[in-house]
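> Residues per chain, in single letters:
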Amino acid sequence: MADPVADHGEGGGFNIHPMDQFEVSALFGDSVHWYTPTNVTLWMAITLAAVTLLLVVGARGRALIPTRGQSMAELTYGFTRKMVEDVAGKDAIQYFPYILTLFTFILFANLLALIPMSFSVTSHFAVTVVLALAVFISVTAIGFIKHGTKFLGLFWVSSAPLALRPILAVIELISYFVRPVSHSIRLAGNLMAGHAVLKVFAGFAGALGLGAILPIFAITAIYGLELMVAVIQAYVFTILTCVYLRDALHPSH
Amino acid sequence: MADDHHRDRLKKLDDRIAEARKAREPKPSRPGKYDASSLAWRMVLELVIGMGLGCFIGYGLDVLLGTLPVFLMIFALLGFAAGVRTMMRSADEVSRGRSPVKDDPGASPDETE
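In the order they appear, the protein sequences are chains A and B.
Residue numbering for the first sequence follows our numbering, starting at 1 and increasing by one per position.
Residue numbering for the second sequence follows our numbering, starting at 1001 and increasing by one per position.
None of these hints come from the bench; they were simulated from the model.
By construction, the Cβ of each residue, glycine as well, lies at the ideal position given by its N, Cα and C atoms.
Among these hints, one or two may not hold up.
[Stated by the list, open to error] If you want a taste of the chain A side facing chain B, the calculated C-beta under 8 Å gives, among others:
| no. | residue |
| --- | --- |
| 1 | Thr-52 |
| 2 | Val-170 |
| 3 | Ile-171 |
| 4 | Ile-174 |
| 5 | Phe-177 |
| 6 | Val-178 |
| 7 | Val-181 |
| 8 | Ser-182 |
| 9 | Ile-185 |
| 10 | Arg-186 |
| 11 | Ile-232 |
| 12 | Val-236 |
Isolated chain B, as found in the complex (with noise of 0.2 Å):
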């Protein structure tokens, strides 16, 4: 009886601290909170980059092969591919909250060290 007792005040105690390391405890910090121009400003960016990065590869190779117009062409499509791409993972990244990599050891047994 008196040690039920105890042990509730005991359990109150444990739930208490808990609580209250629960709340000093520093939140996750979240990327997603710097400011929303900044995030365009990014994804424009990438979105740009890739382009002039795909018709930069083109053009370096139609100059090296002379074939103008073809690799230009070609990866011209494929740097905005590649831009559009860039662009959907920092925005994936983004709605996800960039959520923190999953601490499983079994995610990756591959590693050599």
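So here's chain A without its partners, still in its complex pose (with noise of 0.2 Å):
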């Protein structure tokens, strides 16, 4: 895919190639159809597994004094539950499934694609516009849902004056569309940015001989940086949903 970025002096060369970790191949065979089990619906796959040994295999003993696995999935769900009760208001907590899957699912994603030789799902715009649009098509219907028409008043400024506000109205419509674009670009670009760093640092090591205690040095920082970019994308996605879900509920302000 991409091009080799520098050529080494004495023959060798190094050939980076920091794009091709996120190329989607088929587990079984060669060609791709949309059904074909593929590289992402495994790791999609074992994200789920994750998932569900801590949430659902963690939390079975219901101990009073909770063991650590337990302890972890309460830690989970009580740090998502608190985020859509601050965020988003009392009367969001019925949508508190919704959230906290997202969260999990993208968290486990980020953090399961820091293992070496894994693939980065969460990398994918394909994976990220669908989370994207799932949360943009469902806040938009809660919004019609409770509020009818009056929803569409969260683009009539109604403090301005008059003739300005169909311009405003146009303008609050195309900020609206701005956010399932920016919500998927966000993630998947964090992903893939530093995965390719990654990638490109990597290269450097292979290529400099005894000089690659330098890019290891690097690549150590960098991993890291991605552990925390992991993290932090999933609640930054979550809390932005949490956000949209707020102003869906509550459009009058």
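Starting from two chains that each stand alone, build the complex the way the hints lay out.
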């Protein structure tokens, strides 16, 4: 996919293909159709299994004094629930299961992508766009169901002079549609950039011989950064979902 | 006299319990604490996407109506305004510390459900 970034002097040179790790390939056979199980399918399944392991198997004991697994599951649950209550309001709690699902799925997909040789599911726009569109469509539907046509008041700035309102309505409409786009690009972009940078530094390390100690240090540092980015991006995605949900539940502000 | 003393002690105990409870209560999660770079990244993205979306809509209208530069120009400006608006709103949210929704039931009496 990507051309070699640079050629090294003595014949060998180093070929860095930072984007090769994002290639979708079939698990069995060569051709990829819409129904083919691919590495994306595999890693999504692993993500689901990991989430299930934490939230279903880990919390199964329901002990008064929790085990380590149960404690982690409870922390995740409590953290997300508090976030929904604080940001979206108490009446948003009925949508909490959906938000917890989103949060754990993205968090685990991001973290599993950091395992060497694994595949980063959330670095694909196809995946994040579906996640963002699901949020966008359901939030818009909730707004219309709860408030009917009053939901359109979100676009009608009643504090502005009447002549300006149609123009402002167009601006508000466009900025409403900015949400799902930025929602999906942010997640996939962050993940893709981080993994590509890791790969580029790994390519340097392969070509430098003894000097490889420097890129290896850099990789270690960037890996730490990526760990942070993985968690933060899952958090940001979830909290923005809560913000959009709040706007749908209380459009008049 | 003894009763007063008793009440005093009870009140003190009450205060201590309230204090301890307050200390144990989890702080309201502050979304502003995620790092500044992710915020900057978010705002830049919103600005660019607003503009891009505006251009896209304008171009689409132009292709449909056969008036190529007109709507593209108008919607590029509108898209830019939308981008700035989204960006300012997210800046606003962060500077307010994203205060939670006020839970006064009078705020939305028009709710049908």
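> Now tell me, hint by hint, if it's right for this structure.
Going down the list of hints, with the structure as the test:
The interface hint given for Thr-52/A is violated, since its Cβ lies 26 Å from the closest Cβ of chain B, which is over the 8 Å cut-off. Given the 8 Å rule on beta carbons, the hint for Val-170/A holds: about 5 Å separates it from the nearest Cβ of chain B. At about 5 Å, the closest approach between the beta carbon of Ile-171/A and any beta carbon in chain B falls short of 8 Å, and the interface hint on this residue holds. Taken as an interface hint, Ile-174/A checks out: its beta carbon lies about 4 Å from the nearest beta carbon of chain B, inside 8 Å.
Annotation: interface hint on Phe-177/A holds; nearest CB of chain B at approximately 6 Å, less than 8 Å. Hint status for Val-178/A relative to chain B: holds, with the closest Cβ pair at about 5 Å, below 8 Å. Because the smallest distance between the Cβ of Val-181/A and any Cβ of chain B comes to about 5 Å, under 8 Å, the interface hint for this residue holds. Against a cut-off of 8 Å between C-beta atoms, the interface hint on Ser-182/A holds, since the closest Cβ of chain B lies about 5 Å away.
Given the 8 Å rule on beta carbons, the hint for Ile-185/A holds: about 6 Å separates it from the nearest Cβ of chain B. A least Cβ separation of about 6 Å between Arg-186/A and chain B falls short of the 8 Å threshold, and the interface hint therefore holds. About 5 Å separates the beta-carbon of Ile-232/A from the nearest beta-carbon of chain B, less than 8 Å, and the hint is met. For the restraint placing Val-236/A at the interface with chain B, the shortest Cβ-Cβ distance is roughly 6 Å, inside the 8 Å limit, so the hint holds.
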